[in-house]
Amino acid sequence: MNRFSTFLLRCIPCALILVPCGLSAQEHSYAPSDIENGRGLYQANCLGCHGNNADAVEGANLSTGRFRRASSDEDLIRLIREGIPNTLMIPKTNLSYGDTRAIVAFLRALPGGGALVADEREVRIGDASRGEALFFSQQTQCSTCHGVNGGGNLLSPDLGNVGATRTPGTLEQSMIDPMAEVRAGQRFYQVTDRQGTTIRGLLLNQDTHSVQLLNENERLAAYNKDNLESHGFIPSPMPSYLDVLSPDEVADLVAYMISLKGDAE
Amino acid sequence: MRNLIKPFVLACLLSTASQLVGAQVSPERLLNAEQEPESWLLYGGDYDSQRHTDLDQITRDNVDQLELKWVWQNRAPDGASQKFEATPLVVDGVMYTVAAPNNVVAIDPVSGRLFWIYNYTPSLDARLCCGRVNRGLAMHGNSLFMGTIDGKLVKLDARKGEPEWIIDVAPPELGYALTLAPLIIGDKVIVGPAGGEYGIRGFIAAYDVNTGEELWRFHTVPGPGEPGFESWEDPEQEAWKTGGGSIWQTGSYDAELNLTYWGVGNPGPDWNGDSRPGDNLYTESVVALNPDTGELAWHYQFTPHDEMDYDATQAAVLVDMNWQGEERKVMLWANRNGVFYVLDRESGEFLMGEPFVSVNWLSGFDEAGRPIRALYPSEEGTFIMPNNQGATNWYPPSYSPVTELFYVPTWLDTFSVYTKRPVDYTPGQQYVGAFPTMAMPALGVNAVNQRTPEEGLGAIQAINPQNGEVVWRHVMNNVTDSGVLSTASNLVFAGGREGHFYGLDAETGEELWRQTLGGQIASGPMSYQIDGRQYIAVSAGAGLFVFALPE
Numbered sequence: 001m002n003r004f005s006t007f008l009l010r011c012i013p014c015a016l017i018l019v020p021c022g023l024s025a026q027e028h029s030y031a032p033s034d035i036e037n038g039r040g041l042y043q044a045n046c047l048g049c050h051g052n053n054a055d056a057v058e059g060a061n062l063s064t065g066r067f068r069r070a071s072s073d074e075d076l077i078r079l080i081r082e083g084i085p086n087t088l089m090i091p092k093t094n095l096s097y098g099d100t101r102a103i104v105a106f107l108r109a110l111p112g113g114g115a116l117v118a119d120e121r122e123v124r125i126g127d128a129s130r131g132e133a134l135f136f137s138q139q140t141q142c143s144t145c146h147g148v149n150g151g152g153n154l155l156s157p158d159l160g161n162v163g164a165t166r167t168p169g170t171l172e173q174s175m176i177d178p179m180a181e182v183r184a185g186q187r188f189y190q191v192t193d194r195q196g197t198t199i200r201g202l203l204l205n206q207d208t209h210s211v212q213l214l215n216e217n218e219r220l221a222a223y224n225k226d227n228l229e230s231h232g233f234i235p236s237p238m239p240s241y242l243d244v245l246s247p248d249e250v251a252d253l254v255a256y257m258i259s260l261k262g263d264a265e
Numbered sequence: 266m267r268n269l270i271k272p273f274v275l276a277c278l279l280s281t282a283s284q285l286v287g288a289q290v291s292p293e294r295l296l297n298a299e300q301e302p303e304s305w306l307l308y309g310g311d312y313d314s315q316r317h318t319d320l321d322q323i324t325r326d327n328v329d330q331l332e333l334k335w336v337w338q339n340r341a342p343d344g345a346s347q348k349f350e351a352t353p354l355v356v357d358g359v360m361y362t363v364a365a366p367n368n369v370v371a372i373d374p375v376s377g378r379l380f381w382i383y384n385y386t387p388s389l390d391a392r393l394c395c396g397r398v399n400r401g402l403a404m405h406g407n408s409l410f411m412g413t414i415d416g417k418l419v420k421l422d423a424r425k426g427e428p429e430w431i432i433d434v435a436p437p438e439l440g441y442a443l444t445l446a447p448l449i450i451g452d453k454v455i456v457g458p459a460g461g462e463y464g465i466r467g468f469i470a471a472y473d474v475n476t477g478e479e480l481w482r483f484h485t486v487p488g489p490g491e492p493g494f495e496s497w498e499d500p501e502q503e504a505w506k507t508g509g510g511s512i513w514q515t516g517s518y519d520a521e522l523n524l525t526y527w528g529v530g531n532p533g534p535d536w537n538g539d540s541r542p543g544d545n546l547y548t549e550s551v552v553a554l555n556p557d558t559g560e561l562a563w564h565y566q567f568t569p570h571d572e573m574d575y576d577a578t579q580a581a582v583l584v585d586m587n588w589q590g591e592e593r594k595v596m597l598w599a600n601r602n603g604v605f606y607v608l609d610r611e612s613g614e615f616l617m618g619e620p621f622v623s624v625n626w627l628s629g630f631d632e633a634g635r636p637i638r639a640l641y642p643s644e645e646g647t648f649i650m651p652n653n654q655g656a657t658n659w660y661p662p663s664y665s666p667v668t669e670l671f672y673v674p675t676w677l678d679t680f681s682v683y684t685k686r687p688v689d690y691t692p693g694q695q696y697v698g699a700f701p702t703m704a705m706p707a708l709g710v711n712a713v714n715q716r717t718p719e720e721g722l723g724a725i726q727a728i729n730p731q732n733g734e735v736v737w738r739h740v741m742n743n744v745t746d747s748g749v750l751s752t753a754s755n756l757v758f759a760g761g762r763e764g765h766f767y768g769l770d771a772e773t774g775e776e777l778w779r780q781t782l783g784g785q786i787a788s789g790p791m792s793y794q795i796d797g798r799q800y801i802a803v804s805a806g807a808g809l810f811v812f813a814l815p816e
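So the protein lines, in turn, are chains U and P.
Numbered by our numbering, the letters in the first sequence go through residues 1 to 265 in order.
Numbered by our numbering, the letters in the second sequence go through residues 266 to 816 in order.
A few of these clues could be false.
To be verified - Restraint-style ranges between C-beta atoms, simulated for each label pair:
{"no.": "1", "chain 1": "P", "residue 1": "S643", "chain 2": "U", "residue 2": "A184", "range": "41 to 47 Å"}
{"no.": "2", "chain 1": "U", "residue 1": "S230", "chain 2": "P", "residue 2": "D539", "range": "46 to 52 Å"}
{"no.": "3", "chain 1": "U", "residue 1": "S72", "chain 2": "P", "residue 2": "S643", "range": "48 to 54 Å"}
{"no.": "4", "chain 1": "U", "residue 1": "A222", "chain 2": "P", "residue 2": "D473", "range": "26 to 32 Å"}
{"no.": "5", "chain 1": "U", "residue 1": "A222", "chain 2": "P", "residue 2": "D585", "range": "37 to 43 Å"}
{"no.": "6", "chain 1": "P", "residue 1": "D585", "chain 2": "U", "residue 2": "N224", "range": "42 to 48 Å"}
{"no.": "7", "chain 1": "P", "residue 1": "A288", "chain 2": "U", "residue 2": "P91", "range": "44 to 50 Å"}
{"no.": "8", "chain 1": "U", "residue 1": "A221", "chain 2": "P", "residue 2": "A288", "range": "35 to 41 Å"}
{"no.": "9", "chain 1": "P", "residue 1": "D539", "chain 2": "U", "residue 2": "R69", "range": "48 to 54 Å"}
{"no.": "10", "chain 1": "U", "residue 1": "R81", "chain 2": "P", "residue 2": "S612", "range": "31 to 37 Å"}
{"no.": "11", "chain 1": "U", "residue 1": "S230", "chain 2": "P", "residue 2": "N384", "range": "33 to 39 Å"}
{"no.": "12", "chain 1": "P", "residue 1": "P687", "chain 2": "U", "residue 2": "E74", "range": "55 to 61 Å"}
{"no.": "13", "chain 1": "U", "residue 1": "D226", "chain 2": "P", "residue 2": "E332", "range": "52 to 58 Å"}
{"no.": "14", "chain 1": "U", "residue 1": "R66", "chain 2": "P", "residue 2": "T691", "range": "40 to 46 Å"}
To be verified - Anything over 12 Å on all C-beta distances counts as not near chain U; from chain P, calculated:
{"no.": "15", "residue": "E293"}
{"no.": "16", "residue": "G426"}
{"no.": "17", "residue": "E427"}
{"no.": "18", "residue": "D452"}
{"no.": "19", "residue": "V740"}
For the record, the hints were derived by calculation from the structure and aren't laboratory data.
Ideal placement from N, C-alpha and C gives every residue a C-beta, glycine not left out.
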């Protein structure tokens, strides 16, 4: 019976990442309870066709915050309740207006949906103009890697819209403890070939036999794993600013970043 | 002219005299399916569901010479929801299969050209939790049988692709759907409905192959007065009405014992069992039924009072073997709940249960073979392994009597956080509770994979049924929804979501051949032989791919 209770400790951090967060919103303003309620209603009523990530139906990707047949949240609510004639989108007559609104809240809270994923952390928010100066300063060198609506390098996320998609808490965490959560799409990978040459890059894709990177020279490069000496995930090159910046300076940078709303509606 | 007309008239007379004169697939032929390895007469190869072929032209020495013979492209599936899950039949030189959701094709298995296509448009009432799919056909006489996602059973003339009759099995507007390949025993066609996420009350039912008349129905959730009803302990005696117990994988059959074995799906609602206290029989069980009457001979429940969605909808693999020193008729079963089981299929006795992935929901078994529960979903969330999709699922495994190993497609060491939330029943709507967290999508849109290994990998695993030990494991960087085929020449064929199709050494797991097919493999590979040439067929993405050695 030894093979039971193999509770793998290494998995616990992942589990924490996956536990549903409370949510909040700004342009599309919904209470966290609406969003959580909407998650359950989505799963019960929509997931079968639209999938876990609301992107499973071709031509009806619900995860982007842009909808072909609806321009407002009220349009969306009507569409869900009335259905789309001659399609598999049947009327959800069982859903009340409030239920349907909660589903829309959930869709808006998806990463691309135009609302924010929130958390419970207390975050100090300083002065955005001081933060902007810091961002472009020699002291931080943030702008060496990160662009703001352009600039920076291709391997680092452009932050021009970061205020619309991240909460103050996650922004602060990404500065003082950047490895705490590295999202898919921002993970770095390293390959070493049999000649000892090492290449690092942003992981774009992988499977059992190959890996596809955007390498440090900003070129697309693919590698056959059979031809490599070693390969694997590596820490993000994003440094921790815990010992570099004062708490006030971190607060100023957070303020600057939440001011970056890009082209969010 | 006269000479030509005479035999034609004679044939007509004969076929009216008896429906089975000249018929292709008699009940006896199905019973002896293993004597004609060139065919593939039943969903699982033959009644024991071993998915093992006696064809041995393709060997460990020449498998690396396999080449693509043809591809049949069906209309591109609708995103992740229309996976190509069917295992083809090959009968008398014709291949029959189903393109999702319910379009049947007859194909020349040498050239890949169609004889005919039967397009079926399901009702818009059809609702499915997990994909508009179909896993295959059954054949009796000159007719094919298909279940549809809108709850119907279709009988087709296999020569023309025209329907002979279509009967209602269960109401689609309440979430009942047929996704499995039917099973023919004698002159009965046996099916059951999916719909465990819609508060259905599941059943297994037999229909007359000629008339479509329902001959018996076994309720997988017993009602008042039926044995097992006492396991639904809510004082209101309401929970059984929406108790789930779906059927979405084809059963097996032991003609000598005259028992047919079926795996039963989850209880409803899935992830909060507070409204249905008790063991909730016969959900998450295997039931052994007399195919003449539908009467229950025995059952074994893998996951009593399940709240983790561990459907027991795997194929029951029947093996006659010397098990731990005694000749026995056993049933091998790698369950979605992460445990590999050996049962005595005559009595239902629990012989062994060993985990084949990391499992933490149970700590072992009591004397009677009942699992000792270690963890339950909770309001604050409980970390449970394996995850909601389980360690394996409907994807059919294989047993090789040559290596005496059991080959199972596996999701390795996954986990979910299960959180209890209130749930209410509305007819026709999902009746589930809070969806558990998962690191990978339940349905695969898998063109891009940026996950870390800790978020879960896939594997084809070889298990020794004597002790449950994993003998070898072929690890893949993504999970797998592919079935497995083993061959008499010690090969194992299988794939996964990445779209790679592998030929492995059945004894060691060594990769001997692989072909990239460019779409996820979510079906059982199979083999057939025409004019002395062995073929291997597998679907991937929207295509059916067929391989053989060079001419």
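Here is what the structure says about each hint:
| no. | hint | verdict |
| --- | --- | --- |
| 1 | P:S643 - U:A184: 41 to 47 Å | violated (28 Å) |
| 2 | U:S230 - P:D539: 46 to 52 Å | holds (50 Å) |
| 3 | U:S72 - P:S643: 48 to 54 Å | violated (39 Å) |
| 4 | U:A222 - P:D473: 26 to 32 Å | violated (57 Å) |
| 5 | U:A222 - P:D585: 37 to 43 Å | violated (49 Å) |
| 6 | P:D585 - U:N224: 42 to 48 Å | holds (45 Å) |
| 7 | P:A288 - U:P91: 44 to 50 Å | holds (46 Å) |
| 8 | U:A221 - P:A288: 35 to 41 Å | violated (60 Å) |
| 9 | P:D539 - U:R69: 48 to 54 Å | violated (39 Å) |
| 10 | U:R81 - P:S612: 31 to 37 Å | violated (54 Å) |
| 11 | U:S230 - P:N384: 33 to 39 Å | violated (52 Å) |
| 12 | P:P687 - U:E74: 55 to 61 Å | violated (27 Å) |
| 13 | U:D226 - P:E332: 52 to 58 Å | violated (21 Å) |
| 14 | U:R66 - P:T691: 40 to 46 Å | violated (30 Å) |
| 15 | E293 | holds (41 Å) |
| 16 | G426 | holds (25 Å) |
| 17 | E427 | holds (26 Å) |
| 18 | D452 | holds (36 Å) |
| 19 | V740 | violated (8 Å) |
Checked against the numbered hints above, the structure breaks hints 1, 3, 4, 5, 8, 9, 10, 11, 12, 13, 14 and 19 and satisfies the rest.
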